[in-house]
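Put the two chains together into one complex, using the hints given.
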Amino acid sequence: MSIVFSKTPMLTDAVQHYCPGCTHGIIHRLVAEAIDELGVGDRAVGVAPVGCSVLAYNYFNCDCVQAAHGRAPAVATGIKRANPQNIVFTYQGDGDLAAIGTAETVHAAARGENITVIFVNNAIYGMTGGQMAPTTMPGQVTQTSPYGRDPKAAGYPIRVCELLSTLDGAAYCERVSADSVKNIRSAKRAIKQAFQNQIDGKGFSLVEVLSSCPTNWGLTPAAALGWIRDKMIPYYPLGVYKNTP
Amino acid sequence: MSEKVLIKGNEAVAEAAIASGCRHFFGYPITPQSELAAYLARRMPKVGGVYLQAESEVAAINMVYGASAAGVRCMTSSSSPGISLKSEGLSYLAGCDLPAVVVNVQRGGPGLGGIQPSQADYFQATRGGGHGDYHIIVLAPGGVQEMFSYTCKAFDLADQYRMTVMVLTDGILGQMMEATSMTVNSEQATANSEKPWAVGGVRTGRARNIVNSLYLKPSELEETNLARYEKYKLVEDAEQAHDSYLLDDAEIVVAAYGASARIAKNAVDEARNRGVKAGLLRPVTLWPFPKKAFLEASKHARAFVSVEMSMGQMIEDIELAIRCSRPVSLCSRVGGMVPDPAKILQAIISASQEATA
Chain A
1 MSIVFSKTPM
11 LTDAVQHYCP
21 GCTHGIIHRL
31 VAEAIDELGV
41 GDRAVGVAPV
51 GCSVLAYNYF
61 NCDCVQAAHG
71 RAPAVATGIK
81 RANPQNIVFT
91 YQGDGDLAAI
101 GTAETVHAAA
111 RGENITVIFV
121 NNAIYGMTGG
131 QMAPTTMPGQ
141 VTQTSPYGRD
151 PKAAGYPIRV
161 CELLSTLDGA
171 AYCERVSADS
181 VKNIRSAKRA
191 IKQAFQNQID
201 GKGFSLVEVL
211 SSCPTNWGLT
221 PAAALGWIRD
231 KMIPYYPLGV
241 YKNTP
Chain B
246 MSEKVLIKGN
256 EAVAEAAIAS
266 GCRHFFGYPI
276 TPQSELAAYL
286 ARRMPKVGGV
296 YLQAESEVAA
306 INMVYGASAA
316 GVRCMTSSSS
326 PGISLKSEGL
336 SYLAGCDLPA
346 VVVNVQRGGP
356 GLGGIQPSQA
366 DYFQATRGGG
376 HGDYHIIVLA
386 PGGVQEMFSY
396 TCKAFDLADQ
406 YRMTVMVLTD
416 GILGQMMEAT
426 SMTVNSEQAT
436 ANSEKPWAVG
446 GVRTGRARNI
456 VNSLYLKPSE
466 LEETNLARYE
476 KYKLVEDAEQ
486 AHDSYLLDDA
496 EIVVAAYGAS
506 ARIAKNAVDE
516 ARNRGVKAGL
526 LRPVTLWPFP
536 KKAFLEASKH
546 ARAFVSVEMS
556 MGQMIEDIEL
566 AIRCSRPVSL
576 CSRVGGMVPD
586 PAKILQAIIS
596 ASQEATA
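Protein sequence lines, in the order shown, are assigned to chains A and B. Note that the working numbering numbers the first sequence so that position 8 is 8, with each residue one more than the last. Add 245 to a position in the second sequence, counting from 1, and you land on the number used in the working numbering.
Hint data in this document are derived by calculation from the structure and do not stem from the laboratory. Quick caveat, the model's predicted, so the values are computed rather than measured. Wrong hints could be hidden among the right ones.
What the hints assert, rightly or not - What follows is a list of derived Cβ distance ranges for each label pair: (1) B/Tyr474 <-> A/Asp230: 48 to 56 Å; (2) A/Thr12 <-> B/Arg372: 25 to 33 Å; (3) B/Pro290 <-> A/Gly129: 45 to 53 Å; (4) B/Ala472 <-> A/His69: 19 to 27 Å; (5) A/Lys182 <-> B/Pro441: 27 to 35 Å.
Think of the CB as a built atom: it goes at the ideal place given N, C-alpha and C, for glycine as much as any other residue.
Excised from the complex, chain B in its bound form (with noise of 0.2 Å):
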């Protein structure tokens, strides 16, 4: 039985973690995440767990680097500009392959930006953030039950994979509430996998652990690089993740994740009552992105439309995909600023349009 709770989803990210066995939290505030380390700065105490409010985004992510070292399932939230703080961190925990979860309920940028919802951090998270050649494995959640369920499966792709993996969301799918059930399958709850490689504990009888990103001989630096490309090959095979709805005859590709694809879905359904043959293509995963379910769409795709709360991002990702043998047109608003249903809507049929002329 899955009895329901109307919660935040940004709260629901939180009993997330809980319920994934996560027992080591290392927050800063920061709007429009606040939620999610104040709920758990009241569970945490109580399930045995540790809440530390750091001094900084980057002592934040630096103690999840710590913690994560140390071999216990650990998370970090932020907002946009507190996840730039946090990059280092994040190129640093790649260098060592630790695993770790990391929560961005991105917000209008650059520079302090504003507190609305965005989505202008798809860069920043599908190449890494950092400084270096790294991935990080980032879902992106499209309600407050997924909330839940990707967070949950964060702990275990970050545990499977020796990853950070990176819970992108939006201030729009943070604030609100849904009616979501937190049953965890008991193959999460048991998650914990053995972690040979962790620091600590009382060493008796095996060789000393070093976590370390420093090669000072390019060849071995040159190795880890590509040891580790290979494991994201394997990610970019095994992960890719999507959703779709009336994609299987569409004409007209709306590609959204997150809050606009909950904006773009009732667009599609507008554009099918006035006889234009829309779907809607909804990644789950935006690294590694669904390349095979865009090239498989693109088959009877006449056109694309990226519906984006950024001044056009994943756009590339599409055209990548699909490598450009459909137009791919764009349609965003920024700043804070929410897509229109309406403007969806003409942005399909001037797309329905331009691949009939």
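Looking at chain A on its own, in the form it has when it is part of the complex (with noise of 0.2 Å):
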């Protein structure tokens, strides 16, 4: 028998504590593939967040440092300055990048921090139960929203990729999606290109992902990667905004 397919050595043998149908696991594999194939496995370090990946440490096969909520951007700064020849990737839900680590998201952004981000967007706090996100969407029921986010209460979600596209040290910017074969194949090529530009010394680099979460949205896996398409995607076009050449 010949093996036609195998488990990409950036990936941890340890079993993964995601919850059936969350595309973390898809995109943990993409990250660890891009990094497999530009060969820099052994110059890589994560920094993980707190939130439902806050264990990516057993997960990614490199050096890792676990940040405290928010602040992986800092983090990362400071590994990125100490050690330049290291590639410094974060990992980061919504609520974690875009609410409690906003400012380190922007300013890192602003700096031109040359680190890699992937911001995993699933529009709701995963770990904690399923509470409002900053980018739950309006009229999104969550245990916080229960009536629905009402803008006028609640205020509006931020489209991270736009806000971080205005800034001039933001050297790329991608938002992507993990709901299909195709889309999955898209957002390959975009975390590659966010670590590549790392490697070439472009800057800041940061990749959304709209991701699923069947547990908190109260759906099937397979409906999930639907609500993605029907309700996330019109909200959250998918694209580049920011691609400095």
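Below, the structure is given as structure tokens:
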């Protein structure tokens, strides 16, 4: 028998804790493949956030640092400034990156910090049980917006790629989705580009991946992927928002 | 030969960082520590180092966390309100056993407080500052020379024990100028120790390193706490430091650190002139508190006077150190006001009279 498909070396053998149908597993694999294909695994340093992916340091087969909630870009800045030859990436959810860590995200981008940020947007706080996130859409029901997010009371979501693309320091911002094979292939290309940019010294690169949360959305895994397509993509259009040559 | 230069306290701390091999500084402006950051903004590029002005004190301490995890000597500095913001990071640094040097040039509080000198962050510093069971080593320089030498020492202690070391000073010491020798002994210059636990570099032939303070199993988390407190015992044993003046036969022991100690020293002299056997015990380490020295002094002391620019914070450590075996009174000014030698003298005389009565 010949092996036709195997685990990429940048992923450890640890059993991942993610819920059935969650797309974190796919996104982890894309990140790991990108690092392996670029041949920088021996100098990669990952920064894990607080949230569902807090245990990312168990899954990425490289040196890792676990950061306080929202502070991953600042921690990554310290690592990168200490050792510029390292390939430093953060892996953050929407609460971490776009609520508590907004300042760290915006300023790392404004400085043109030469790091790669993987931003997983599932429009909800997953680990704490499904509360309203900075990317929860108007009308979306969560534990803390039980009647649907009412912008009059709870304000509007943040479109991170659009926001960051206005900053001179941001080299690359692209929004992709993990809802379908076609979009996953596109996500892989974008993530690889974001790492290549760092190798080339281009500066701050962020890939926003629209991701599913069947558990807290109260949907089956298949229906959750449909929800990304039908609800999220119209509100968060896919595409390249910034690409400094 | 140690040539002396006239330099501000804040700048002496900055130069000490350079002398100690620190090449990564992450700061944020706040009065009265701003000269420190400004000095390093000038110096760091000249020595191939990194000066980075963060977007906040929160970001700055987390940059220190990242740089420390990557194995380099690094520092941040601030003043009281900014240290509150850094407290989250101090807890994470402790939880990961990372070395770091943090400078607090204290000002009056609480809240935005004022910009004049204070010592009101004593509890915050000596009890750790952030959440969880942990300590940081706290050094209290008494002048500009010590601002330099204790900052150098701070880097060595941080690496030796994998702890945060805080240089706890105040607006007076930060702003004043004194003739200072900035010679570094060879031990300090070469003290960059091996850090096999650090992340980064090129990973060949070693297991991957993870810097983390999350332990979801309570028994494992308890283990890390117990191990850390074993380390703290070693620190308490080995690192207590103090300075004394006319202490050997002192019946009234005046305790003060930092700028307060300079003022208290004058009052001690004046008390001696008036026939009161006063002496000064100046803690140099606030954590670990120099308990042994206080216990020793209590053998001949009839009373203690704690002179503070705070509402009675260090006094609690004195009472604990001497196990409340002698009366301890407080002489303090707060909010940016500075203790007056005449008031301290009065406190010494009162303590002497009460102890006799």
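Quick rundown of the hints versus the structure:
1. B/Tyr474 <-> A/Asp230: 48 to 56 Å: Check passed, 54 Å falls within 48 to 56 Å.
2. A/Thr12 <-> B/Arg372: 25 to 33 Å: violated (38 Å)
3. B/Pro290 <-> A/Gly129: 45 to 53 Å: holds (48 Å)
4. B/Ala472 <-> A/His69: 19 to 27 Å: holds (25 Å)
5. A/Lys182 <-> B/Pro441: 27 to 35 Å: violated (45 Å)
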